[in-house]
Amino acid sequence: MVTALGAAAEVGPADDGESFGTDLVRGHGDLAPAPVDVVLVAELMGHADLNTTRRYALPSETDKAAALDVLTTDR
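In UniProt numbering, the protein residues as written are 1 to 75.
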């Protein structure tokens, strides 16, 4: 399964797995135009521990700022 996904994305074992995982979890690029569930990504990447995959789903500083922007202050 991972080999087929890698071939479809034109990536190989030497390519950055972190980028692959992040693109899947966040739904970036042609490989995953919509976010893929982190548990499924863990399975696809062969991670026995979900915490290994979790790092791909951690929010960036930009994500945190965007979340704060949508908070209302009229309470």
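To be clear, the hints were calculated from the coordinates, so they are not data collected in a lab. Yeah, the Cβ is synthetic: ideal placement off N, Cα and C, and Gly gets one too. Honestly, I wouldn't trust all of these hints.
[Stated by the list, open to error] Taking lysine to any residue pairs in the SDA-like style, the calculated list, with each CA pair at most 25 angstroms apart, reads:
(1) 64 x 46
(2) 64 x 33
(3) 64 x 38
(4) 64 x 52
(5) 64 x 22
(6) 64 x 48
(7) 64 x 27
(8) 64 x 19
(9) 64 x 36
(10) 64 x 51
(11) 64 x 35
[Said to hold, decoys possible] So the derived label-pair ranges between C-beta atoms look like this:
(12) 55 x 29: 14 to 20 angstroms
(13) 66 x 18: 20 to 26 angstroms
(14) 18 x 65: 20 to 26 angstroms
(15) 59 x 39: 14 to 20 angstroms
(16) 43 x 71: 30 to 36 angstroms
To test your reading of the hints: which numbers does this structure violate? 1 and 6
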